[in-house]
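> The chain contents come next:
6 protein chains.
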Amino acid sequence: MKIKVINPNTTHSMTRKIGECARRAAAPGTEISAVSPMMGPASIESHYDEALSVPGVLEEIRRGEAERVDGYVIACFGDPGLFAAREAARGPVIGIAEAAMHVASMIGNGFGIVTTLERTCGIAWDLSDRYGMRRFCRAIRSCELNVLDLEDTGSTAYQVILAECRRAMNEDKIDSIVLGCAGMADLCSSIENDLGITVIDGVSAAIKLVESLVQLGLKTSKRGEWAAPLPKAYSGLMKDFAVS
Amino acid sequence: MKIKVINPNTTHSMTRKIGECARRAAAPGTEISAVSPMMGPASIESHYDEALSVPGVLEEIRRGEAERVDGYVIACFGDPGLFAAREAARGPVIGIAEAAMHVASMIGNGFGIVTTLERTCGIAWDLSDRYGMRRFCRAIRSCELNVLDLEDTGSTAYQVILAECRRAMNEDKIDSIVLGCAGMADLCSSIENDLGITVIDGVSAAIKLVESLVQLGLKTSKRGEWAAPLPKAYSGLMKDFAVS
Amino acid sequence: MKIKVINPNTTHSMTRKIGECARRAAAPGTEISAVSPMMGPASIESHYDEALSVPGVLEEIRRGEAERVDGYVIACFGDPGLFAAREAARGPVIGIAEAAMHVASMIGNGFGIVTTLERTCGIAWDLSDRYGMRRFCRAIRSCELNVLDLEDTGSTAYQVILAECRRAMNEDKIDSIVLGCAGMADLCSSIENDLGITVIDGVSAAIKLVESLVQLGLKTSKRGEWAAPLPKAYSGLMKDFAVS
Amino acid sequence: MKIKVINPNTTHSMTRKIGECARRAAAPGTEISAVSPMMGPASIESHYDEALSVPGVLEEIRRGEAERVDGYVIACFGDPGLFAAREAARGPVIGIAEAAMHVASMIGNGFGIVTTLERTCGIAWDLSDRYGMRRFCRAIRSCELNVLDLEDTGSTAYQVILAECRRAMNEDKIDSIVLGCAGMADLCSSIENDLGITVIDGVSAAIKLVESLVQLGLKTSKRGEWAAPLPKAYSGLMKDFAVS
Amino acid sequence: MKIKVINPNTTHSMTRKIGECARRAAAPGTEISAVSPMMGPASIESHYDEALSVPGVLEEIRRGEAERVDGYVIACFGDPGLFAAREAARGPVIGIAEAAMHVASMIGNGFGIVTTLERTCGIAWDLSDRYGMRRFCRAIRSCELNVLDLEDTGSTAYQVILAECRRAMNEDKIDSIVLGCAGMADLCSSIENDLGITVIDGVSAAIKLVESLVQLGLKTSKRGEWAAPLPKAYSGLMKDFAVS
Amino acid sequence: MKIKVINPNTTHSMTRKIGECARRAAAPGTEISAVSPMMGPASIESHYDEALSVPGVLEEIRRGEAERVDGYVIACFGDPGLFAAREAARGPVIGIAEAAMHVASMIGNGFGIVTTLERTCGIAWDLSDRYGMRRFCRAIRSCELNVLDLEDTGSTAYQVILAECRRAMNEDKIDSIVLGCAGMADLCSSIENDLGITVIDGVSAAIKLVESLVQLGLKTSKRGEWAAPLPKAYSGLMKDFAVS
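Chains as they are written, first to last, in the working numbering: chain A, 1 to 244; chain B, 1 to 244; chain C, 1 to 244; chain D, 1 to 244; chain E, 1 to 244; chain F, 1 to 244.
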């Protein structure tokens with residue numbers, strides 16, 4: 001089984017980290033490719049960044065379809081372009097926020113999210129609505145870290161995140177913590193060890209869900225909202241995105 | 001990995017069928033045991049039947065814990081005793097309605113459920129609320145078949161179910177059909193072939209979700225609502241259920 | 001009119017207390033019987049305890065039907081087995097959480113619940129959803145008391161509960177307090193006197209609601225979800241629960 | 001116990017009918033007075049009529065308070081002025097829509113409402129939201145009858161209502177029918193007999209709920225939203241409504 | 001275009017202030033008349049006051065219709081009589097709470113309301129539900145000021161309101177503040193200047209929305225719930241409200 | 001006041017039509033510019049098309065900011081890129097679906113949407129949730145027309161749309177119809193005349209709302225979710241979108 005993990009930003013150190021987490025989670029026989037798009041923002045911290053990461057994500061989906069990829073993971077906690085990607089793909093496409101929230105709802109009755117910037121918390125709340133997971137989401141906390149601070153190995157980022165997770169654990173009546181950024185994927189077990197609470201990384205969770213769907217023979221349904229895009233003219237910088 | 005599939009009713013022909021579906025879905029290396037409890041109703045078609053199936057389910061969980069089972073599936077579409085089972089188990093426990101609904105929400109934007117008796121539709125609606133899946137559930141239809149009609153191989157049950165699934169497909173604006181009874185697990189691919197719409201069987205879906213959770217190292221959280229039951233006296237027929 | 005009050009746990013001192021509250025609330029001419037089942041847990045503090053109390057509750061319903069009981073109260077704040085009991089009974093069946101929440105919504109615009117253990121708060125929130133009462137429920141607080149602490153007359157339980165009720169009154173913007181445990185039924189007027197806020201006991205409330213329904217000639221509707229259970233085989237410890 | 005039933009319209013034949021239903025429902029020892037206000041519309045079929053019925057309702061509450069009435073019923077299915085009346089009264093005040101919906105939610109899992117005019121259905125849907133009862137309300141149907149048609153004993157009103165109730169019973173998956181107009185209170189048992197489905201009249205239901213609250217010693221909470229109106233100047237036609 | 005602004009209370013100093021705000025907001029060519037009714041309460045601080053302000057509001061609508069007014073604003077934050085007024089008017093009618101909440105949802109993702117008395121906060125929450133705006137309303141705070149304190153120019157009211165707005169800004173994760181009383185309309189720019197957060201006054205917002213609707217040729221729809229009131233007898237103090 | 005209307009697709013005949021509707025709706029003194037982006041799809045009929053229209057929309061916002069535009073309208077019924085545009089703009093940005101739904105909720109209690117393709121109905125339902133307008137949205141119907149069929153003046157598109165609007169009017173209990181495609185903006189008054197029901201065009205509505213916000217001095221709040229995008233590297237085709 002081939003699963004393509006798309007990190008929607010163009011920071012390759014993060015893509016490598018995500019790829020490692022994905023491979024650790026994958027079953028024997030699952031082939032993981034982890035990529036960054038060839039266009040787009042270095043990090044995603046706003047609706048603007050999200051929107052402009054999507055063309056790159058869709059280009060990677062198109063390549064993946066040509067390579068007969070079986071399923072995809074979108075590895076940014078805003079799940080940018082998820083529904084557009086489902087239209088463009090035959091197989092299943094899972095976002096890491098989607099995966100983490102669903103999984104959290106199965107092992108505890110309430111989860112909290114710890115993410116980077118306060119300004120993105122609204123995006124996460126909206127996703128929890130979109131996936132039906134709001135009833136399980138008790139609180140969303142931010143660390144006021146930039147995404148790329150997570151790539152700076154000498155930074156105090158880990159301590160800041162750990163402290164916020166501790167507050168979540170102590171104050172928010174939660175059964176587990178969801179890490180709200182793909183760049184935190186490698187911190188999962190450290191935080192779990194340091195705090196003694198279940199910590200969920202969306203990258204690993206999404207890998208398992210895509211594997212599950214593929215093994216169940218479930219593809220994205222093409223009957224309704226996620227049918228293939230219609231052929232039409234595209235122009236300007238977007239001209240190569242036309243489907244035929 | 002050991003997964004125990006508990007069919008909460010005592011009809012062994014159904015348990016065998018469920019076990020076969022479970023084994024087909026399982027990954028290499030997953031060991032499936034499929035059981036019926038030693039007490040309870042022959043079929044589950046009401047809140048009353050559900051409630052009285054739960055002690056038997058919990059007894060099987062207790063045995064499973066002694067046998068170091070890694071995770072459990074409750075294989076009746078009402079997911080009877082799911083939360084009590086989570087308290088009693090260390091590993092994850094997934095209900096087949098829960099599994100089917102979550103999976104359906106990832107491959108289409110709306111699903112329909114086709115189940116046995118009208119009187120159980122309210123139970124399924126309530127579960128869709130409980131799991132956050134109501135926004136994806138477009139309609140729930142019943143065939144007015146009894147659960148055990150599904151075990152009568154000479155019956156017209158398949159045709160009745162197929163006809164109802166066709167109506168769901170044509171009238172309910174759905175992307176997939178969820179089969180609302182563990183006894184229908186073996187009909188999944190036939191209906192899919194006959195109708196050309198994705199059909200989801202909760203037993204297979206639940207197997208993959210439990211495998212996923214186990215591989216992710218995720219157990220039922222013991223911090224909150226699903227902590228282990230407290231030690232206390234139990235009496236009468238229930239005396240052996242006391243935990244110590 | 002005969003009303004049977006079923007305390008789902010087997011602690012007879014609590015059953016006596018519940019019976020006294022019920023009789024104080026009952027109209028002249030209402031005959032109250034208060035019972036504990038002959039099987040089940042000594043106290044109910046989890047989904048597990050709830051689930052295993054239900055067979056005993058249903059056995060008491062069956063006896064009640066034989067004795068031509070007019071209506072039932074299930075006197076545990078988790079309302080265990082309520083819907084199964086409705087299937088098994090001709091007359092109305094009311095849970096004490098259900099009764100307390102409905103009544104509270106009629107005399108104030110927001111209520112708070114004070115209950116025993118944190119781990120049961122999720123159950124109460126879910127019931128508030130189930131009955132449509134979440135919009136009136138402002139907060140649910142626990143005292144971290146075990147249910148049977150309430151039976152220990154020398155304990156400090158009352159002071160602990162009073163303190164938590166005071167916090168609820170001062171911090172939660174509520175018009176009334178609902179006591180979240182049948183074992184607190186006798187504390188209602190003391191707390192009300194000590195704090196000067198309306199305090200609602202579900203046992204008394206449920207008695208009045210059952211009386212009301214019986215006097216209105218309203219029985220549990222048998223048209224839909226709460227129709228009588230279907231005849232079928234039951235086996236093992238549950239064999240006597242088969243309806244014929 | 002003194003209960004005052006206020007028919008917010010000024011049609012005395014309807015008030016008499018309401019009074020009779022109320023007295024039939026009342027317990028021995030309950031003294032029922034049924035009145036129409038001295039001002040307002042002959043019937044209530046719009047927001048406009050509702051709004052202009054409220055001063056008359058509040059005047060009757062004020063008189064009731066002077067007469068030491070224990071509780072009130074507002075006997076129009078829009079429950080006009082319910083919250084203002086609660087502010088003005090010491091004891092409980094119940095609307096008939098509120099009463100009927102709460103009661104219906106306890107004896108079945110879904111109810112339908114049959115009312116007079118289509119234009120008032122939105123008001124009933126909004127009340128179902130207001131009371132938390134929308135999840136139990138499956139459908140609201142109108143007969144396109146004017147309220148005062150119900151007072152014309154030679155009319156075909158009964159047949160029209162019966163036909164609509166039959167459609168509700170057959171098409172709306174309901175366990176009971178709530179009659180959506182105080183003027184239908186006397187039709188309850190006829191429809192129940194003709195159709196064989198539980199039919200709920202809000203007037204009777206409200207009487208029992210007010211009696212229940214009074215016997216429980218529960219008054220309208222004065223801590224929050226329903227505290228007594230503040231003293232202030234009133235002018236013009238409204239000058240006598242000032243509280244002091 | 002003629003817009004009539006109805007201050008539902010009878011305090012003329014407040015009406016003048018509201019009229020000035022309205023005129024400042026109005027487009028060239030919009031003719032504003034600002035009135036108090038000839039009957040009703042001096043201020044509105046409860047359901048009771050609201051209900052008794054409505055006849056006066058409706059009388060002003062009737063006069064407005066005779067004068068061919070194009071649209072109306074109801075200038076009290078409880079939007080008293082809004083739906084009744086829509087039935088009585090041909091043109092659009094907008095409440096200031098409605099206007100402020102809608103506008104706030106377009107320029108930020110979350111707003112807070114700062115109002116006078118705690119007892120009216122529930123009314124504002126209910127309006128946020130009624131207009132679909134609850135998802136944008138993060139918190140409602142009261143200053144424990146009486147409405148008429150705002151008319152006392154020597155009072156400390158401004159400092160009290162400013163302090164509460166500051167707390168809202170700092171603690172409630174909001175993008176803007178909605179002032180929850182028509183009597184605060186003139187404080188909008190001062191608070192905005194003092195705090196550096198967007199502050200929304202419903203009077204100005206409502207003027208622009210009514211102008212917009214009139215310019216779009218949109219009148220209150222008479223097809224459904226807001227059709228003109230039906231002709232019928234009215235009696236007592238209300239006798240002049242009959243439509244014919 | 002300068003308002004820029006961005007038609008997110010690249011079909012200039014549609015942009016001209018939209019511009020004409022916008023100018024007809026605009027107040028004297030409002031300067032309207034209507035543009036198509038220089039990149040993107042010829043029509044928008046899927047999540048894929050929407051996503052790929054957004055970079056072009058954002059480029060137009062950037063140009064608009066350089067030209068000191070006061071406010072923006074996004075003139076496609078999916079409101080693509082609305083939140084990203086709000087981050088990038090100082091002034092208000094309104095989507096036509098947003099505008100039409102808000103306006104419809106003020107002149108009637110229920111609206112219906114008539115749009116082009118069934119596959120886009122889910123997008124419109126989700127927007128109704130996003131804006132808090134689901135409670136007013138009774139039904140969404142599609143005509144199974146492609147967007148560009150609306151540009152073919154010899155087509156039967158008008159008759160098809162009219163027929164669907166008639167069904168909506170007769171079957172969906174609605175007070176008004178919202179046209180669910182910017183390409184239908186010019187059909188508004190014809191349909192209204194032919195059917196006698198209020199028909200709402202989002203382009204006109206959005207113009208009035210942007211004018212209103214600008215005149216009120218309300219800009220997009222920069223305190224929270226819609227703060228300006230952070231400076232960072234952008235690469236590939238997207239490299240010019242970096243903010244500095």
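Just so you know, these hints were derived from the structure itself, not from any lab.
Be aware that a few hints might be false.
What the hints assert, rightly or not - Label-pair ranges, simulated between beta-carbon atoms:
no. : chain 1 : residue 1 : chain 2 : residue 2 : range
1   : C       : 190       : D       : 31        : 28 to 34 Å
2   : B       : 155       : F       : 166       : 42 to 48 Å
3   : E       : 228       : B       : 155       : 55 to 61 Å
4   : B       : 160       : C       : 23        : 50 to 56 Å
Virtual Cβ for every residue (Gly too), placed ideally from N, Cα, C.
> Are the hints correct? Go through all of them and say.
Comparing the hints with the structure gives:
{"no.": "1", "hint": "190(C) - 31(D): 28 to 34 Å", "in the structure": "holds, 32 Å"}
{"no.": "2", "hint": "155(B) - 166(F): 42 to 48 Å", "in the structure": "holds, 46 Å"}
{"no.": "3", "hint": "228(E) - 155(B): 55 to 61 Å", "in the structure": "holds, 60 Å"}
{"no.": "4", "hint": "160(B) - 23(C): 50 to 56 Å", "in the structure": "holds, 52 Å"}
Checked against the numbered hints given earlier, the structure satisfies every one of them.
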